[in-house]
Structure formats: structure tokens, C-alpha cells
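**Student:** Residue strings, one per chain:
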Amino acid sequence: MKKGQLSGDGFSLAVLLAPFFGLWLLFWLAPLLLGFDLSLQHSDWTSGRVDLDPTASDSRYIGLSNYQRVVADPKFYKAIRNSSLYVLGTVLMILPLAFVLALSLRGLRRMPRGILLFCLMIPGLAMPGVLSTLFYLFFHGRTGALNHYLIIPLGLKPINWMMDPSFILPSMVLQSVWRWTGMVTLFFLCGMESVPKWQLETARLEGAGAWLKIRSIWIPSICNLALFAAIFLVVDGFASFSGAYVLLGGSGGILDSGLLFVTYVYQVAFPGGSGRFDFPAAAAMSLLVAPVLALLLFLTLRLRKFLSWV
Amino acid sequence: MNRFSRWLVVLVGVVLCLYPFLWMFLSSFKTNREIYQPTLLFPDSYDWGAYASLFGGEYLSFFTSFANSLALSCGQAFLATLVSVGAGFALAKFRLRWAGSAFFLAVLLVVLPKQTLAVSMFEWLSLFGWHGSLWSLILPGAVTGLGVIFFLQLFRNLPDEWLEIAKIEGLSPLRSFQLLLPLAFPGLVTFFLLHFVLSWQEHLLPLLVLNEESMTLPLTLAKLRDASHRIPESVSMAAATLSLLPVMVMFAVCFRLMRSALREVTHS
Chain A
0 MKKGQLSGDG FSLAVLLAPF FGLWLLFWLA PLLLGFDLSL QHSDWTSGRV DLDPTASDSR
60 YIGLSNYQRV VADPKFYKAI RNSSLYVLGT VLMILPLAFV LALSLRGLRR MPRGILLFCL
120 MIPGLAMPGV LSTLFYLFFH GRTGALNHYL IIPLGLKPIN WMMDPSFILP SMVLQSVWRW
180 TGMVTLFFLC GMESVPKWQL ETARLEGAGA WLKIRSIWIP SICNLALFAA IFLVVDGFAS
240 FSGAYVLLGG SGGILDSGLL FVTYVYQVAF PGGSGRFDFP AAAAMSLLVA PVLALLLFLT
300 LRLRKFLSWV
Chain B
0 MNRFSRWLVV LVGVVLCLYP FLWMFLSSFK TNREIYQPTL LFPDSYDWGA YASLFGGEYL
60 SFFTSFANSL ALSCGQAFLA TLVSVGAGFA LAKFRLRWAG SAFFLAVLLV VLPKQTLAVS
120 MFEWLSLFGW HGSLWSLILP GAVTGLGVIF FLQLFRNLPD EWLEIAKIEG LSPLRSFQLL
180 LPLAFPGLVT FFLLHFVLSW QEHLLPLLVL NEESMTLPLT LAKLRDASHR IPESVSMAAA
240 TLSLLPVMVM FAVCFRLMRS ALREVTHS
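Taken in sequence, the protein lines are chains A and B.
Residue numbers are given in numbering that gives the first Met the number 0: position 283 of the first sequence equals residue 282, and the series is strictly consecutive.
Residue numbers are given in numbering that gives the first Met the number 0: position 70 of the second sequence equals residue 69, and the series is strictly consecutive.
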């Protein structure tokens, strides 16, 4: 990594960096700390069920017992497990698929290349809720497209994608693959197009075969991008809410088999009907997941250093 | 891969991505009975009633939520671009001792999805009493780790000679930033569009913060789905089509610019 060129005077540095760090403090660190404070309080307090009597303030902070409550909650594990599987499934399917698509697109002439790439990106531009609606109406069900064009011709029994507990999560993964593959393809293709001409010329002169070219030119050209895409997909996958919310109406689906992490946090904090508004537990859940995600991202970035080292 | 398999792979992908949306558009003219037969593509007759009832505000004030969404996404994307381009430039081109660690800390925390912090964000915004106002979504959305990474990468690939010339000319760093900005124009547009889409699709925070009078499109669309036993499916299909339209037009117009900017950024 090359060091920067400018030795900055304090004023210009402040002008350039202050907006970012100011907003970061106000809308990131502050809510995070507030969430931590929240997670230590008794839920009766935060939902205003206890009259605010200052003499009883020692019963307000209850230490880590919200965390204990969350850790003992089997539904929490279910949500984490589902979210992890969801993220893993999307990353493992999207990256190879996008690579193959980008490689194929690169072989086409420029005109059709641009148009077809744009068509591939359309699901990424649509709202996840719309994708869910389409998935529900178009792909799902006995008469849906997935069963009609894929499952029945293969001689299998039609699958009820939204009602069968073992297919809810896979169908959510498919939906995410459908959504993001085009966008990732765009990035991969741009990475491939920025490979300098002389490299390809050299490969041609050396008489390199297709596999050797893939290994020594195409994969290195998208290596950093793939990492970037993986990070984005992990973050987005853990944060995904809208698609599942529209698809399952805010519930976790049958047997909670489609319960994602953010959906569960939402359920705990803002129950429909007359539940308790358990903000502290929801905050505790978020704070339990945050370090895990941070560690995951850190390891991914380490992996990059490791790869460039090898 | 030979020519044939290339075309096959791409065309299968394109059909999978295009056909459902074509179906969606044509379904906005269909009756419920026709929509529940997903393998049917064309409607019997083209009835624009769904669009008319959407713009007439028959079910929900669709027009208001459309305008809200537009204002929210434009504001968020504009502010995010502005904030990130400065930070990215400073981290790429200044000699800073603590830049590495500051950058890492900021990005690590920002890359953590804000949806997972939704509850504390909700509480925090309640302290300000900002519920129902679009500002409560625009400002938190403007701080983005991806933006800083994007612009850091962009400026790193811009040749340093420009800065050296500026230095010899005796310009202040701020002034040289100003002069370099036009060179980054494609990158600015690209990031604006990418952030626009992300905030256009944002669902959870608006759901928590906004109220009935100031809904955004994802909320309205979810409402239309929820009430689909009363509202014809064609209305929600029409709303979905309209919600896709502005983003598609923006991307189509700027697509060439975007691709050239991404080629710059991805060049390693």
C-alpha cells in the first residue's frame, strides 16, 4: 500500500473528515452505546410499565440478566442458524454463478454485452418486497413456474415452496440469489474488462488454454472484488428483513423455519397485538451478534492479506 | 467456452431475470383469476384501472409515498456521496499516521448492518423526537462504510502527479481536492446511484420511524400485499411496476458512465 502524498494542514483535514466522523458519532456510536445501556435495564422500565419512581432506581439496572435470557432462548439460536445458513447459501451460490456469467458476457460483442448485463441487473433494482411478491405469485405453488418448468419435467412431485418447512429457507436463498447475482456480475465484468490488453496478448502468444487463462488471469482480476462482494453479501444477508417480512408477513413461517435474525429482533421489540415491548432483550440480541459479525469481517480481511502473501 | 455455451448461459440468466418482471408488468392489467395462473403471460384485455386507482389514491396515498421515497433516497444518496468522497480522499491522499486504524475502526463499525442496530436507533431517534420526519432516515443513512471504501479505492487509482503539480503551484490541499473532484465525476454518479438503490429499498428503519402520513414505497407495497384480500392483485402489480421504473431509468441513462467508473475502481 502506497503512502499518501499530501501532508495535510489541520484545517483541510478537518473539513474533509469531520462530516463523516461527526455523523458516525451521532448516528452510529451513540445509538450503539444507548443500545448497550438499554440492554442492561429491566424491560418493565423501558416499556413504561413501572411508574417512574426515583427511589426504586436500583431495580432498574439488572446487570447482564437480559443477556442470560437471550442466550437461553432457543428461538434466538434458530434465528441465528437460519441467518447463517441463508448467508452461506447466498455467498456460495452467487459468487460462482456471477463468475461464470461475467466470463460468458465478456466473450460477447460490446453491444449485446451491455444490454444483456442490464437485463441481469433488473432484479437487483427491484425492491425485495416486490421480489417476494413475484416469488410468491409467479414461482411458488403447484401451478407456479418453478414447479411447472423445473420440478414436474424432472419427474418429481411438485413442491409447495412456502408451506413446506424444509423449503422455506432454500426458497429465500433462491430469491436472494436471483436478486444479487446480476449486480455482482456487473462488478466482476468491470474487473475483467480492466485487465490490461498486454496480459491477454501474452497469454495468447504463450498458447495458454482456457483453464490456464481462467486461473492466471480471470480469477486474479476479480479476487478483490469477490472478497468485497462476499463482505457485502454477508452484511446484507444478516440485515435482510424486507423480503422475509413481505413473504411471511412478519412471522417466521411454519415452525419458524424462515425466521431470520432481524425478523426475530423485530418480533421481540415490536410484537403485533398485545405482547410486551421487550426492547432490552432486542438490544441485547443485537449486541451479541455485532461482535460475531465484526470478527467474521475481520477474518475475511485477514484472508485477503494472507492470500496476497501466498 | 465456445460461442454457443456462452450465449446459452447468458440467455438462461436473462430470461430468469426478465420474464418475471414482464409478467409483473402485464399482470397489472389482469384480473385476479388470471394472475393466479402464473404460466399465463398475456391478459385477455388491457385494463388501466389499477393505475387509475393508484393515482386516484383509492387505497393508499400512493403518490405521497412515491414522492417521500424519492426525496428520502435523493437526500440520503446525495449526502452520503458528499460525506464519503471527502473522507475517502483524505484517507487515500494524505499522509496520516493514525489513518489506518481510524479507517479500520470506522469501517468496521459502519459495515455492521444498521438493521441489526434498529432498536437502539429507534430509541435514539425518539430522544430527538424525530419520528415521522424524513430527516431521521436521511442523516443516519448518510454515514456508510462502503462509500468510504469506494472513494478510497477511486482516489488511490488517480495518478499522484496531479497532486504534485498542485503542490508545486502552492495550492492548499483543499483546493487540490476541489480540482481533482471533476476527475472523479463518473465515480460520484456511480456511488450516488448505488446508494440510491439501497435507500430506495430500505424497509426496516422507515417501518419503525415513519408514521401513517409519511410512508415510503416499501411500506406502501407491503401494505398493499397485506390487504390483498380486499385489493385486487393487479393494483399491487401496478405499484410494483411503478416503483421499479425510476431506478431502471436512472440506471439505463447512466449505465455507460457507471461501467467506466467501476472499471477504474476495480482496477487493482
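Simulated from the structure, these hints should not be mistaken for laboratory data.
Even glycine gets a Cβ: it sits at the ideal position worked out from N, Cα and C.
Hints are not guaranteed to be accurate.
Claimed, not checked - Examples of chain A residues toward chain B, derived with CB under 8 angstroms:
| hint | residue |
| --- | --- |
| 1 | L104 |
| 2 | A144 |
| 3 | P169 |
| 4 | V172 |
| 5 | F237 |
**Student:** Check each numbered hint from earlier against the structure, then list the numbers of those it violates in ascending order.
**Tutor:** 3, 4
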